[in-house]
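Those sequence lines, one after another, are chains A and B.
Heads up: the first sequence runs through residues 1 to 230, numbered per our numbering.
Heads up: the second sequence runs through residues 1 to 333, numbered per our numbering.
Hint data in this document are derived by calculation from the structure and do not stem from the laboratory.
Here the structure is a predicted model, which means the values were calculated and not measured.
One should not assume that every hint holds.
Unchecked claim - With a straight-line Cα cutoff of 30 Å, these simulated DSSO-like cross-link-like pairs (lysine-lysine) come out:
#, chain 1, residue 1, chain 2, residue 2
1, B, K177, B, K227
2, B, K299, B, K227
3, A, K198, A, K31
4, B, K18, A, K55
5, A, K59, B, K14
6, B, K132, A, K224
7, B, K299, B, K243
8, B, K14, A, K55
9, B, K18, A, K227
10, A, K227, B, K104
11, B, K104, A, K224
To be verified - Some chain A residues judged to face chain B by a derived CB distance under 10 Å, without partners named:
#, residue
12, A136
13, R141
14, N145
15, R153
Ideal placement from N, C-alpha and C gives every residue a C-beta, glycine not left out.
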Amino acid sequence: MNYFAQSFTDAIQLILKLDYELYFVVWTSLKISLLAVFIASVLCVPLGLLIASSKFPGKAILQSILNTLMALPTVVVGLLMFGLLSRQGPLGAWGLLYTQVAIVMGQCILIIPIVLNMVISAANTADPRIRSTSIALGADRFQQNLIFINEVRFAMLAAIVAAFGRAIGEVGVAMMLGGNIQGFTRTMTTAIALETSKGEFEFALALGVLLLLVAFIVNVFLEKFQKLNK
Amino acid sequence: MNTAAYEINHLSFKYHDKDIVDIDHYLINAGETLALVGPNGSGKSTLLNLLSFLSMPAAGEVRFFGETVRQNTQPDFRRRVGYLQQHPYLFNTTVIENIELVLKLRNINRQLRHVRAQNIIEQLNLGMLADKRAHELSGGEIQKVALARALVLEPEVLIFDEPFTYLDKSFVNGLEKLLLSIQENRTQTIIFSSHDHLRAQLIADRVCCIHHGKLIEESHVNLFHGKYSREQGAFNTGNIHIKIPEIADDVDIIAIEPTQIVLSRTELDSSMRNRFRGEIVALNARNEHIEVTVQTGEKFQVIITRSALDELAVTIGSPVWVSFKSSAIRTLR
């Protein structure tokens, strides 16, 4: 218990001292995950709305597949992407393995089913009068979609926040595709795994606290946003 | 000469192969107020959707101010119609932003948007609600704001689907006045649906009944304004006292179904509580029926069969008795 308490005190000191290495890892994690979330959102919000509003054969199967992919293990994504991006792999020539871009790609694959599924679900459960009202008010197709997104913005935001939580907290993709290179691809989760195995428990604990803090801040922001708009 | 706001030709709308709307030919004049009356499921809302260009007919055509509406031009025509749905939806923002949004969709600049929204808010007395968010409003308030949102566009045609459904009495009166003022100015064509025949008769230039998707024209008959008098125990029109089925201090309009009135040469000894002596002032043939107008202090229109008229052996100027049960009276508060 003494060991844990001492490590926790050291971890807090590291955080308060604004330790450069510690915060660089945090910044790397945030940068990678936010970029992955941004790309996934830009792709999935319009695609999700399109899927929700269209009828096509295999729609139900697609939704079942998306549901399954929501629970995709991160190491499986890491493994598949590793096979594609490694030198012998079909995308090996791109030279992306052990780069931040590779982690962003892996995280995108991980979170696309989450965002897509939640956007489709939000669109399906939204009040049908949103669209009929915007049509009656003379909105063109583009304006109708903007109004719709604005009306279901809480559900959209919840999808984005869930995706961010998944991306920032995953370790398999970051480890296998990033390689945990110090000052380059080391993220909070890979650093926690490494530092713990090295016996640098206080450093790992400090990162753990900051990871929780990031998750907390994102949720507080979501809650505030909902309150402001209600 | 009146221009037609709508010219409907061979219009048909089907749902699961069943005719929901089936109109051979119908004209709605520009500047007139038309009430569409009919029971639930008669096709009112479907017809209003077609007239608002929210749906396309299965067959036939709708001409709007002389122009034929086609699938590809439908959105342009839709922007010329203000449509208030039966269960309107307000966007999750403030009242004023809801009203301004429709102007924004038409690329009207911010300053003008605000001025026009404020004007309509003042006109409809919605100042207290302007900064409230949509989810804070009651059903009636939502209806009012949706009305403001339809009016702010100043469209050529205003279409209201059951506009009086959720409104409180004070606002119903206000809405009636507003519709009547638009009618006076003859600036906009108004089409509204209602299941309330009486109110439709009060406001509209023309009342049209819809049954199984087909239109049948109707006229205003036996509509009396007045007050309930407790002393008399009856409704006082100013000229006669009519016994109504209930004690109702707040009733100010009543209507009597013309087919429910009995004509006789002598006073009837029956359970009918309302009996008035009068004189026939007009006789009009309506297919198999005759519309008899009797002056009793108030003019009553009575619809009887030709054979009943022959049996009575009366003509214009003949003295007659008009009798009806109080259950034949419809009251409006």
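Evaluation of the provided hints:
1. B:K177 / B:K227: Roughly 20 Å separates the two Cα atoms, so the pair holds.
2. B:K299 / B:K227: Roughly 18 Å between the alpha carbons, so the hint for K299 (chain B) and K227 (chain B) holds.
3. A:K198 / A:K31: Between K198 (chain A) and K31 (chain A) the Cα gap is close to 25 Å, so the pair holds against 30 Å.
4. B:K18 / A:K55: Satisfied, since the Cα-Cα distance of roughly 24 Å is no more than 30 Å.
5. A:K59 / B:K14: Cα-Cα ~28 Å, so holds.
6. B:K132 / A:K224: holds, 19 Å
7. B:K299 / B:K243: With Cα atoms ~16 Å apart, K299 (chain B) and K243 (chain B) stay inside 30 Å; holds.
8. B:K14 / A:K55: holds, 21 Å
9. B:K18 / A:K227: violated, 47 Å
10. A:K227 / B:K104: holds, 25 Å
11. B:K104 / A:K224: holds, 27 Å
12. A136: Because about 5 Å separates A136 (chain A) from the closest Cβ in chain B, which is inside the 10 Å limit, the hint holds.
13. R141: holds, 9 Å
14. N145: violated, 13 Å
15. R153: Given a least distance of 8 Å, the restraint on R153 (chain A) holds.
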